[in-house]
Amino acid sequence: MNIDINFLGILIGAIMASSVPLILAASGELITERSGVLNLGVEGMMIIGAISGFALMVITDNLFLAIIGSMLSGLLLSFIFGFLTQSLLTNHVASGLALTIFGIGLSAMIGKDFVGIPGKEFPLLFVNLKEAIPLFGPIFFGHSIVFYFAFLLPFGTNYFLRKTKIGLIVRAVGDSPVSAANQGINVLLVRYCCILYGGAMCGLGGAYLSLIYTPQWIENMTAGRGWIALALVVFATWSPLKVLAGAIIFGGITILQLHMQAMGIRIPVQFLSALPYIMTIVVLVIISRDSRKIKLNTPTSLGQIFYKEK
Amino acid sequence: MIKIERRNETSNLIYFLTPVLAIFLTLVTGAIIFYLLGFKPLEALKFFFVTPISDLYGLSELLVKATPLCLIAIGLSFCFKSNNWNIGAEGQLTFGGIVGGGVALLFYNHEGVYVLPLIILAGAFGGMVFAMIPAILKIYFNTNEILVSLMLVYVSKLLLDYLVVGPWSNPEGFNFPETRQFSDSARLPILFEGLRIHAGIFIALVSVFLAWVVLFKTYLGFQIKVSGLSLKTAKYAGFKGRKMILLVFMVSGACAGLAGVGEITGPIGQLHRMISPEYGFTAIIVAFLGRLNPIGIVFASLIVALTYLGAETAQIFLQVPKYTGQVFQGMILFFLLASDFLLFFRIKLSGFKKYEY
Chain Z
1 MNIDINFLGI
11 LIGAIMASSV
21 PLILAASGEL
31 ITERSGVLNL
41 GVEGMMIIGA
51 ISGFALMVIT
61 DNLFLAIIGS
71 MLSGLLLSFI
81 FGFLTQSLLT
91 NHVASGLALT
101 IFGIGLSAMI
111 GKDFVGIPGK
121 EFPLLFVNLK
131 EAIPLFGPIF
141 FGHSIVFYFA
151 FLLPFGTNYF
161 LRKTKIGLIV
171 RAVGDSPVSA
181 ANQGINVLLV
191 RYCCILYGGA
201 MCGLGGAYLS
211 LIYTPQWIEN
221 MTAGRGWIAL
231 ALVVFATWSP
241 LKVLAGAIIF
251 GGITILQLHM
261 QAMGIRIPVQ
271 FLSALPYIMT
281 IVVLVIISRD
291 SRKIKLNTPT
301 SLGQIFYKEK
Chain R
311 MIKIERRNET
321 SNLIYFLTPV
331 LAIFLTLVTG
341 AIIFYLLGFK
351 PLEALKFFFV
361 TPISDLYGLS
371 ELLVKATPLC
381 LIAIGLSFCF
391 KSNNWNIGAE
401 GQLTFGGIVG
411 GGVALLFYNH
421 EGVYVLPLII
431 LAGAFGGMVF
441 AMIPAILKIY
451 FNTNEILVSL
461 MLVYVSKLLL
471 DYLVVGPWSN
481 PEGFNFPETR
491 QFSDSARLPI
501 LFEGLRIHAG
511 IFIALVSVFL
521 AWVVLFKTYL
531 GFQIKVSGLS
541 LKTAKYAGFK
551 GRKMILLVFM
561 VSGACAGLAG
571 VGEITGPIGQ
581 LHRMISPEYG
591 FTAIIVAFLG
601 RLNPIGIVFA
611 SLIVALTYLG
621 AETAQIFLQV
631 PKYTGQVFQG
641 MILFFLLASD
651 FLLFFRIKLS
661 GFKKYEY
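One line per chain: the protein sequences are Z and R, in this order.
If you read the first sequence in the numbering used here, its first letter stands for residue 1, the second for the next number, and so on.
If you read the second sequence in the numbering used here, its first letter stands for residue 311, the second for the next number, and so on.
None of these hints come from the bench; they were simulated from the model.
All C-beta atoms in this analysis are idealised placements derived from N, C-alpha and C, irrespective of residue type, glycine included.
The reader is advised that the hints may include incorrect statements.
[Claimed, not checked] Straight-line Cα separation of at most 30 Å, DSS-like style, residue types lysine-lysine; simulated pairs:
1. Z:LYS112 / R:LYS391
2. R:LYS542 / R:LYS553
3. R:LYS545 / R:LYS527
4. Z:LYS112 / R:LYS356
5. R:LYS550 / R:LYS527
6. R:LYS350 / Z:LYS112
7. R:LYS542 / R:LYS391
8. Z:LYS120 / R:LYS553
9. Z:LYS163 / Z:LYS112
10. R:LYS391 / R:LYS356
11. R:LYS535 / R:LYS545
12. Z:LYS120 / Z:LYS242
[As the list claims (entries may be wrong)] Label pairs and their calculated CB-CB ranges:
13. Z:LEU188 / R:TYR450: 32 to 38 Å
14. R:THR528 / Z:LYS163: 34 to 40 Å
15. R:ILE626 / Z:ILE145: 56 to 62 Å
16. Z:VAL178 / R:SER321: 28 to 34 Å
17. Z:PHE271 / R:PHE326: 33 to 39 Å
18. R:ASP494 / Z:ARG292: 33 to 39 Å
19. R:LEU539 / Z:ALA262: 29 to 35 Å
20. R:ARG316 / Z:MET260: 54 to 60 Å
21. R:TYR418 / Z:LEU188: 55 to 61 Å
22. R:GLU503 / Z:ASN297: 58 to 64 Å
23. Z:SER179 / R:THR528: 28 to 34 Å
24. Z:ILE185 / R:GLY368: 52 to 58 Å
[Stated by the list, open to error] Covered, in the sense of this in silico footprint (three residues per stretch, anywhere, with C-beta under 8 Å from a C-beta of chain R), are these stretches of chain Z:
25. 118-129
26. 197-210
27. 277-290
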């Protein structure tokens with residue numbers, strides 16, 4: 001088969017674009033989980049981000065406000081989760097699940113008047129370079145600012161967790177909240193911040209879908225990407241750079257499905273779609289069977305309720 | 311300073327009353343949300359919670375929807391009580407539906423009394439086997455059952471999708487993503503002419519009774535309860551932890567599988583992509599709302615089933631999206647979890663200096 005080099009570039013560019021919401025949501029959730037909090041509400045926060053971004057864009061006609069608003073709405077939703085799990089000491093799993101269910105419902109209610117409204121063109125950067133350079137042009141140029149932010153984010157997150165003091169504090173809180181508290185760290189505050197940050201990133205991931213990727217509002221348009229992002233964090237063994245790699249693999253599978261359907265390749269698309277989930281389970285088994293490895297990778301207190309007797 | 315203290319004991323009455331409080335708060339908040347979105351709140355709530363069950367057909371629909379929710383939640387209560395977080399009931403339901411549906415398709419042109427029991431057993435077996443995956447991985451590889459059971463939901467849904475589009479699709483179905491209609495002897499009997507309520511409700515009721523017996527009257531139920539309260543105590547008492555994990559997952563998977571097979575042999579009558587409107591996830595809310603108690607779960611399943619029905623009615627009369635029901639489901643769980651706080655902790659105001667003259 002003769003592969004057109006430009007087509008290849010466009011294909012890779014499309015794969016990277018489709019992985020953006022995954023990178024954003026997973027990077028946010030990664031910080032949340034690193035602080036020992038398991039928030040299963042990613043899907044709910046993403047979809048709320050998607051509708052609030054789109055609604056704000058329609059109402060204010062200002063894309064900047066829309067992006068900021070989507071992050072704020074994701075943050076607000078995650079605050080419900082934070083308040084429940086951190087201040088009221090509720091179960092993380094149940095609270096996160098409630099958040100997703102609630103978010104999907106609320107987004108549909110808010111969005112009922114926004115169905116069918118066309119989106120606005122989002123400004124793309126370096127468009128002239130996209131055409132000028134073969135192969136690399138369509139891969140790296142002609143994308144939105146959110147795209148570039150998403151691809152820098154894992155590096156920033158990695159630096160933050162490994163090299164900064166606050167990053168160390170976050171990890172300490174996730175690995176041993178009791179010791180961290182004994183060191184005088186305000187565990188509650190750290191966890192709240194991580195939860196809110198995660199919410200904001202999920203909101204942004206959702207807004208990328210409704211404002212840039214497919215600029216319109218469709219009910220339930222995140223279509224399970226929140227769950228994939230959750231899987232991705234585990235798949236990446238809580239390491240930001242692996243999130244980047246994983247998101248490209250997961251995003252690539254999505255895009256490849258479309259092209260394989262078009263080219264009439266006879267592998268059932270469902271098997272491809274199931275691959276990310278199966279691979280996540282395999283990775284989980286590999287990292288979990290060795291108790292040393294799991295300690296190295298997993299935030300030890302993940303999902304446990306922290307309650308300090310005074 | 312505000313101080314939080316753990317209560318030493320909680321009253322049983324309050325324990326079962328807080329769900330009622332949670333429902334009340336949900337209705338109030340729901341009214342506020344409706345108001346903010348420009349609906350008349352009381353009218354909207356009426357369309358949501360009263361209109362759907364004001365006739366016989368509505369009541370029958372309520373039971374049709376409550377049946378799978380109740381069944382799954384009963385199974386989940388075994389898991390949750392023993393601190394095993396199976397959140398993949400949706401997947402176990404789907405896989406049970408696939409296995410049961412497969413058997414039903416084998417017998418699509420057979421009639422006979424043996425067909426239905428065979429399908430139901432196959433469905434329960436399918437759900438059970440599927441639930442054993444996260445259990446076995448947890449036992450032998452120490453994997454997190456939350457994540458594994460969740461991932462498997464999507465695997466099973468995609469498998470169902472593949473089957474109904476591909477090999478199992480109806481040869482005379484014009485490429486619609488659905489299988490053949492099951493034969494009459496593969497269908498759960500309808501209880502009343504003209505309504506959709508089917509014999510699956512008896513399966514649910516029997517499981518409620520069995521769960522009650524096991525949880526409250528047997529040594530096994532005691533073991534499950536103790537493992538949930540304190541793993542250390544359970545180990546000290548010599549309970550077999552691994553067997554317990556496997557067992558509760560099997561029970562819960564079988565229940566979810568039964569729910570799946572109940573749907574396809576009951577109201578649906580074939581396999582297609584959407585055999586469950588996320589009953590498996592919603593049942594988690596039911597299990598919590600029912601306080602992991604079999605009787606409580608019966609009531610909880612009726613209430614949560616009403617949010618499904620209400621959303622359908624409100625969609626017709628108010629043109630709200632069908633997902634509106636999920637707003638209420640989410641809120642019920644929020645408020646329930648929040649009110650639990652008052653149950654297990656008390657807030658003490660202390661450290662304020664008294665004003666001195």
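To see whether the hints hold, each was checked on the structure:
Distance restraint check for LYS112 (chain Z) and LYS391 (chain R): the Cα-Cα separation of roughly 39 Å exceeds the 30 Å cut-off, and the hinted pair is therefore not satisfied. Distance hint between LYS542 (chain R) and LYS553 (chain R) is fulfilled; the C-alpha atoms sit about 16 Å from each other, no more than 30 Å. The suggested pairing of LYS545 (chain R) with LYS527 (chain R) holds, with an alpha-carbon distance near 21 Å, which does not exceed 30 Å. At roughly 20 Å between alpha-carbon atoms, LYS112 (chain Z) and LYS356 (chain R) fall within 30 Å of each other, so this suggested pair holds.
Proximity of LYS550 (chain R) to LYS527 (chain R) is assessed by CA-CA distance (about 19 Å); at most 30 Å being required, the pair is judged to hold. Between LYS350 (chain R) and LYS112 (chain Z), the direct Cα distance comes to roughly 17 Å. Compliance with the 30 Å bound is thereby established for this hinted pair. Distance restraint check for LYS542 (chain R) and LYS391 (chain R): the Cα-Cα separation of roughly 15 Å lies within the 30 Å cut-off, and the hinted pair is therefore satisfied. Note on LYS120 (chain Z) and LYS553 (chain R): the hinted pairing is violated, with a Cα-Cα distance of about 57 Å set against a maximum of 30 Å.
Between the alpha carbons of LYS163 (chain Z) and LYS112 (chain Z) the distance comes to roughly 45 Å, so the proposed pair goes past 30 Å and is violated. For the given pair, LYS391 (chain R) sits about 35 Å from LYS356 (chain R) by alpha-carbon distance, which is inconsistent with the 30 Å threshold. For the suggested pair LYS535 (chain R) and LYS545 (chain R), the alpha carbons sit about 13 Å apart, so the restraint of at most 30 Å is met. A distance of roughly 33 Å separates the Cα atoms of LYS120 (chain Z) and LYS242 (chain Z); the hinted pair therefore is violated under the 30 Å criterion.
The hint said 32 to 38 Å for the Cβ distance between LEU188 (chain Z) and TYR450 (chain R), and at roughly 36 Å that hint holds. Judged by the Cβ atoms, the range 34 to 40 Å given for THR528 (chain R) and LYS163 (chain Z) is violated: they are separated by roughly 56 Å. Distance hint check for ILE626 (chain R) and ILE145 (chain Z): the Cβ-Cβ separation is about 43 Å, which falls outside the suggested range of 56 to 62 Å. Checked against the hint of 28 to 34 Å, the C-beta distance between VAL178 (chain Z) and SER321 (chain R) comes to roughly 30 Å, which is consistent with it.
In this structure the hint that PHE271 (chain Z) and PHE326 (chain R) lie 33 to 39 Å apart at CB is violated, the actual value being about 47 Å. The hint said 33 to 39 Å for the Cβ distance between ASP494 (chain R) and ARG292 (chain Z), and at roughly 59 Å that hint is violated. At about 56 Å, the CB distance of LEU539 (chain R) to ALA262 (chain Z) disagrees with the hint of 29 to 35 Å. Range check, ARG316 (chain R) to MET260 (chain Z): Cβ separation about 56 Å, and the 54 to 60 Å hint holds.
The hint said 55 to 61 Å for the Cβ distance between TYR418 (chain R) and LEU188 (chain Z), and at roughly 59 Å that hint holds. The hint said 58 to 64 Å for the Cβ distance between GLU503 (chain R) and ASN297 (chain Z), and at roughly 60 Å that hint holds. Checked against the hint of 28 to 34 Å, the pair SER179 (chain Z) and THR528 (chain R) fails, with Cβ atoms roughly 41 Å apart. Evaluation of the 52 to 58 Å hint for ILE185 (chain Z) and GLY368 (chain R) yields a pass: the beta carbon distance comes to about 55 Å.
Here the region 118-129 of chain Z counts 0 residues with a CB under 8 Å from a CB of chain R, which misses the bar of 3, and the coverage is violated. Coverage of the region 197-210 of chain Z by chain R is violated [criterion: at least 3 residues with CB-CB distance below 8 Å; count 0]. Residues of the region 277-290 of chain Z with a Cβ under 8 Å from some Cβ of chain R number 8, which satisfies the need for three, so the listed coverage holds.
Checked against the numbered hints listed earlier, the structure breaks hints 1, 8, 9, 10, 12, 14, 15, 17, 18, 19, 23, 25 and 26; every other hint is satisfied.
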